[in-house]
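Chemist: I would like the entire structure built from these sequences, with the hints used as guidance.
Chains as they are written, first to last, in full-length UniProt numbering: chain G, 1 to 252; chain P, 1 to 252; chain F, 1 to 252; chain X, 1 to 252; chain W, 1 to 252; chain V, 1 to 252.
Everything labelled a hint here was simulated from the structure, so no lab data went into it.
Some hints could be false.
Quick list of in silico lysine to any residue cross-link-like pairs, SDA-like style, CA-CA up to 25 angstroms [stated by the list, open to error]:
| no. | chain 1 | residue 1 | chain 2 | residue 2 |
| --- | --- | --- | --- | --- |
| 1 | W | K208 | W | A116 |
| 2 | W | K90 | G | S84 |
| 3 | P | K62 | G | G95 |
| 4 | F | K92 | G | G95 |
| 5 | X | K90 | G | G56 |
| 6 | W | K162 | W | W68 |
| 7 | F | K92 | P | P188 |
| 8 | V | K62 | F | E196 |
| 9 | W | K115 | W | G56 |
| 10 | P | K90 | G | Q228 |
| 11 | W | K92 | F | D85 |
| 12 | G | K90 | W | V89 |
| 13 | W | K92 | P | D85 |
| 14 | V | K115 | V | W30 |
Looking from chain V toward chain W, a few residues come up when the C-beta cut is under 8 angstroms (computed) [claimed, not checked]:
| no. | residue |
| --- | --- |
| 15 | N44 |
| 16 | R86 |
| 17 | G91 |
| 18 | K92 |
| 19 | G95 |
| 20 | R96 |
| 21 | T121 |
| 22 | D125 |
Ideal Cβ positions, reconstructed from N, Cα and C, are used throughout, including at glycine.
Here is what each chain is made of, one letter per residue.
Number of protein chains: 6
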Amino acid sequence: MTSEATAVPIVRADGRAPDQLRPISITRGWSTQAEGSALIEFGNTRVLCTASLTAGVPRWLKGEGRGWVTAEYAMLPRATNTRSDRESVKGKIGGRTHEISRLIGRSLRSIIDTKALGENTIVLDCDVLQADGGTRTAAITGAYVALADAIRFARDNKLIAKNAQPLIDTIAAVSVGIIDGVPMLDLPYVEDVRAETDMNVVVTGSGKFVEVQGTAEGAPFDRAELDQLLDLALLGTTQLAAIQRETLADTL
Amino acid sequence: MTSEATAVPIVRADGRAPDQLRPISITRGWSTQAEGSALIEFGNTRVLCTASLTAGVPRWLKGEGRGWVTAEYAMLPRATNTRSDRESVKGKIGGRTHEISRLIGRSLRSIIDTKALGENTIVLDCDVLQADGGTRTAAITGAYVALADAIRFARDNKLIAKNAQPLIDTIAAVSVGIIDGVPMLDLPYVEDVRAETDMNVVVTGSGKFVEVQGTAEGAPFDRAELDQLLDLALLGTTQLAAIQRETLADTL
Amino acid sequence: MTSEATAVPIVRADGRAPDQLRPISITRGWSTQAEGSALIEFGNTRVLCTASLTAGVPRWLKGEGRGWVTAEYAMLPRATNTRSDRESVKGKIGGRTHEISRLIGRSLRSIIDTKALGENTIVLDCDVLQADGGTRTAAITGAYVALADAIRFARDNKLIAKNAQPLIDTIAAVSVGIIDGVPMLDLPYVEDVRAETDMNVVVTGSGKFVEVQGTAEGAPFDRAELDQLLDLALLGTTQLAAIQRETLADTL
Amino acid sequence: MTSEATAVPIVRADGRAPDQLRPISITRGWSTQAEGSALIEFGNTRVLCTASLTAGVPRWLKGEGRGWVTAEYAMLPRATNTRSDRESVKGKIGGRTHEISRLIGRSLRSIIDTKALGENTIVLDCDVLQADGGTRTAAITGAYVALADAIRFARDNKLIAKNAQPLIDTIAAVSVGIIDGVPMLDLPYVEDVRAETDMNVVVTGSGKFVEVQGTAEGAPFDRAELDQLLDLALLGTTQLAAIQRETLADTL
Amino acid sequence: MTSEATAVPIVRADGRAPDQLRPISITRGWSTQAEGSALIEFGNTRVLCTASLTAGVPRWLKGEGRGWVTAEYAMLPRATNTRSDRESVKGKIGGRTHEISRLIGRSLRSIIDTKALGENTIVLDCDVLQADGGTRTAAITGAYVALADAIRFARDNKLIAKNAQPLIDTIAAVSVGIIDGVPMLDLPYVEDVRAETDMNVVVTGSGKFVEVQGTAEGAPFDRAELDQLLDLALLGTTQLAAIQRETLADTL
Amino acid sequence: MTSEATAVPIVRADGRAPDQLRPISITRGWSTQAEGSALIEFGNTRVLCTASLTAGVPRWLKGEGRGWVTAEYAMLPRATNTRSDRESVKGKIGGRTHEISRLIGRSLRSIIDTKALGENTIVLDCDVLQADGGTRTAAITGAYVALADAIRFARDNKLIAKNAQPLIDTIAAVSVGIIDGVPMLDLPYVEDVRAETDMNVVVTGSGKFVEVQGTAEGAPFDRAELDQLLDLALLGTTQLAAIQRETLADTL
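Modeler: Right, here's the structure in full:
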């Protein structure tokens, strides 16, 4: 689809076609402590997502009858190929961490009806246990599963009304990029570092965009390339949404 | 252009058409201390951009014969309608500040030939003196002018070769958004808070994308809306590029 | 006056006499966001002073029927000839910044009747946009104008009683110093670094001292030299008080 | 053994006898990124231990021809039953975290011949993914496996001499405590909070003590109780050492 | 007692026998500001202990009718032979400081009946003015005296009931260690750095253990050595308890 | 002298005349660890001053053949009547601490010939063990004694040349203030809080000013009052200089 009809098909280092996702695995309920949890794997990328539900909302939201969903992203020091210093040891959170936490929070809030959630708060912790590219998009995709279970927990335990529907859609995310002029889906680390353009796209189950974050790491990109990347992203998120639905089959 | 051919044209609170920029003003050389500087105004938004040039590069880049360009964004505590605490007093930089600083740095680096810059570093400080929406895009647009003057300074003072061309293009940025279903260009604060979708687009003088950051603040957006927003953004950045050229007429 | 009757008058690098101020400019209302503001210039030194008025007082002052005035001083990273790291990036405020913020706060409080202010707080932000010596004294002098306008705002908006007079005097400050044995008024950076003794003096409109901070940077000073410096400082603050009165002519 | 020969045997909430360990599981090589790794489980307690090997030593050790082993312990925010704030967000590491990191580091160093390690550093990261009591002792026991594999890696990759033996013994740790007067082995959270006395004991494979940390949480303990606790601890660490040997069977 | 019946008795650098304490001095009431205070000296080690009593308890303890005792340990920068940076300057508290503060707090709480203390808080500040080994054990021993006086103060000033007995025992601590195979009592710095095993033992006036913290700095230790160290520690704390009783003779 | 010839002499709460110092005590060599030390007492104010001498200078001073003297001031948490939080616990140094540290450093440097000191650094730590007003002036006065001894140590140990004279004068400081209209010397806390004007004056042994820091806490002060305060300060520092000379009799 994304290649320009060549005789020789493009094959990636791990044997995938340009428009193919890595093997996706979601272990729902990996943690026995959280109200919702999922260990999500995109190939070698592994992110543990937990959803912590508490009654009450931050001070600035009190008394408005609405809930709050927020997220925190972090990486274990040796999730990557070389060890990074812990942000707790450095005494401050880096810009990248902040940026991704904010992205995850915004993405998940986009499919929440905060009125239906009532004055409850759900914190989504996305901890990267192993990193091989696409950790932020894996985090969003896995956090959705944890979130859905936390809401089920809230309903089961009568923390929200039996017929409340705080989830108004599903949400998934994927990375796409242009490598040697070829748009590709779901980049592992080895491709990510070589990409001229890198884009993270967050899409609802109904196929609408929530976030489009494209960055020219190498050369600026034109309108046609942008269009190809968006096509690929929609292809990937559609498949991810199907996996999420299957994982949560007994709940939804 | 962006409105759907109604009999009654849409007029914004400040009297602009949906596809019109606010009055833009660039005071080049506002600071007498920096190697390059510009006070840029998008309506009531005022950002002081300075470019500080120093010989040498960060440790991780040493010995590669390439330069470095980075940026720091900040807001005066009373730039906004209500006072915010200083990040220096809080002892840490917030996520939003980090995110914008990184965006500005990436954007400006995209038009720099670091080889041609030699082992020199340019720090772009973008301090928002008054904020009325679009501070990050104003910062990028103004930082370009400061950067261009710092490079001229480097050439005049023989810090780089006489024929070195570190600037490979120009760069400008603008915000666009959808308000009450209507895509609009260059949102002031009052529109920004009401926008369903908010997008910051960074475009080179040659019309290619460097960053596309679209966020559904309210409702997710579809492909058609995304296309309309991109059209508007290109319209705006083309005009900003012309103003930049004029401002720097004697240099380029 | 301060020179010892020599045949050849002492002329400073910028052409001033030892007892002459630099050109002083106060742009009242520079910011459209704050309740009071002033961009003050002492030659090339430019400080943006804003006064932010909020109802209520810090916890330790609650219920006493008195208001609070405090100040924060900061410098943009490239206000000076070489760039300094941001205190927000360093994660802590330096000793010099703390010291000057405290000085400005104390100085402005000295002319405030906190009872008449009621339980309101005014924060004076003094941000040095460009530094060429005497930034703290310029900040105090400019902050007074911002403060006066914030109080006028409070009265106009009935946040304080119509006949309340929280301002019991005016306040201005100037630096003086001894260079090559000659006492001089209002030192720019180039003189400041050469001064044997450096003194900042804060004086009310009625000519009384609020702060006298003299430091022997080079050689200790004797009683006679101290007296000469105080004479010069009173001369300068008298002129600054006149400029303040003029600037605020319609208010006072 | 530890109970005083009563007719009715003491049975714990999870069905164990007082001198019985929880089910222990060690997944060696859980991480594909680190030089050595192990996911260790003591019942519901799960700790991911990674060993990161780098050439060189901290500055204070340079040139002495000796290596360095250190450890960092941390807990995911939702490892526990209620969510804790991240230490990276709080901007500082708590006393408990510091204390445990130091304990793990000291324990592992006690079985290392730093001369044989050469000027290499191994950092042991012990991240608690799920916490149900005994996380620090599980961390020490698991870190040993990761450490052994990192040293094997060093030997395989010729970073240390083929016949170098940096590991001079094995090391394991377990918690013991007195609950309702009965000394018990390997306390889960529910027992830990009820214990009058809580002791963590670190023991080498050859049965010698490296750390004995006993704390009277409730009532002070006498010499006889201390002796019973030490007996239990040696019983447990002997079994853990056997499991470690089995896990590493192909290496040692 | 601790030596193995040799003909030649072991004599330490300062002339003491292995089972002998250094000269102990407690200056009760050294500070005129605190509710209780003691300057305690173990040879050249000098720790100033103050007890600050305030009404009320931390938020998490409110309404339970119980008091709180906590401790903070710190060292002056030049307490030691070479100067250390201040933790206030470094902006964070080191692991060792945290660990010792927690140890002191736990130790003192072990002899407090928090019900009898009522909703009052006592903070024990232990500042090492000069360090020559054993600072944490000296701190515990001295803090007890300060604590006892603060409780007397509370009773005298009717902050607790006349017949309330918050102190249920006395507490003292001492260090022991094995040097060249010989167990020794109360190690000064010069011995501490040479010790193979180092143990801090906290014991109540009635001879029960509150903390046993043994660490093999050099070689692991066996059960017999552990027993000898515990014997020595009990010998030392019995003498310290006698000195405490004498110091507080008029109170107890 | 300072009172206006009334029939009834003014007597202060502690029985002193307005121009009388509190009892001054300097215990030279209080610390056995530092190269120079002094415990100085002005009445109940007690400050431990240590001077730490190390070879080498800060990076920015390297290679200039000059030494460096700096100071750090701090207060124990219970030095005062109510306990303050530790700055190490708060994670940052307050403005007051910074300000005083800088004042002490500047004052001591004013009497140092840095060339004669060679490339050595002396850090003066001034820790307030008990505070009853005038802690900064006591610190300066005591730090001089510690500094003098550290320089003697440097000479004795041949770290500086035998005939080097880094000390070019002595230095002492005292506080003065106006209470109920009466200028007074050396204010204890109870007077300090009531003073309309508070001034700290640092004076060399030869009677010249190094620092004059006068602040109107209550009412602004006029020129005549300022003159009276300076007279009193010179009276006090002359006496302090005599005490310093006596204390160091064997050295100077």
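Chemist: Decide, hint by hint, whether the structure agrees.
Modeler: Outcome of the hint check:
{"no.": "1", "hint": "W/K208 x W/A116", "result": "holds (22 angstroms)"}
{"no.": "2", "hint": "W/K90 x G/S84", "result": "holds (22 angstroms)"}
{"no.": "3", "hint": "P/K62 x G/G95", "result": "holds (23 angstroms)"}
{"no.": "4", "hint": "F/K92 x G/G95", "result": "holds (18 angstroms)"}
{"no.": "5", "hint": "X/K90 x G/G56", "result": "holds (21 angstroms)"}
{"no.": "6", "hint": "W/K162 x W/W68", "result": "holds (19 angstroms)"}
{"no.": "7", "hint": "F/K92 x P/P188", "result": "violated (33 angstroms)"}
{"no.": "8", "hint": "V/K62 x F/E196", "result": "holds (24 angstroms)"}
{"no.": "9", "hint": "W/K115 x W/G56", "result": "holds (13 angstroms)"}
{"no.": "10", "hint": "P/K90 x G/Q228", "result": "violated (44 angstroms)"}
{"no.": "11", "hint": "W/K92 x F/D85", "result": "holds (21 angstroms)"}
{"no.": "12", "hint": "G/K90 x W/V89", "result": "holds (15 angstroms)"}
{"no.": "13", "hint": "W/K92 x P/D85", "result": "holds (22 angstroms)"}
{"no.": "14", "hint": "V/K115 x V/W30", "result": "violated (29 angstroms)"}
{"no.": "15", "hint": "N44", "result": "holds (6 angstroms)"}
{"no.": "16", "hint": "R86", "result": "holds (6 angstroms)"}
{"no.": "17", "hint": "G91", "result": "holds (5 angstroms)"}
{"no.": "18", "hint": "K92", "result": "holds (6 angstroms)"}
{"no.": "19", "hint": "G95", "result": "violated (13 angstroms)"}
{"no.": "20", "hint": "R96", "result": "violated (13 angstroms)"}
{"no.": "21", "hint": "T121", "result": "violated (10 angstroms)"}
{"no.": "22", "hint": "D125", "result": "holds (5 angstroms)"}
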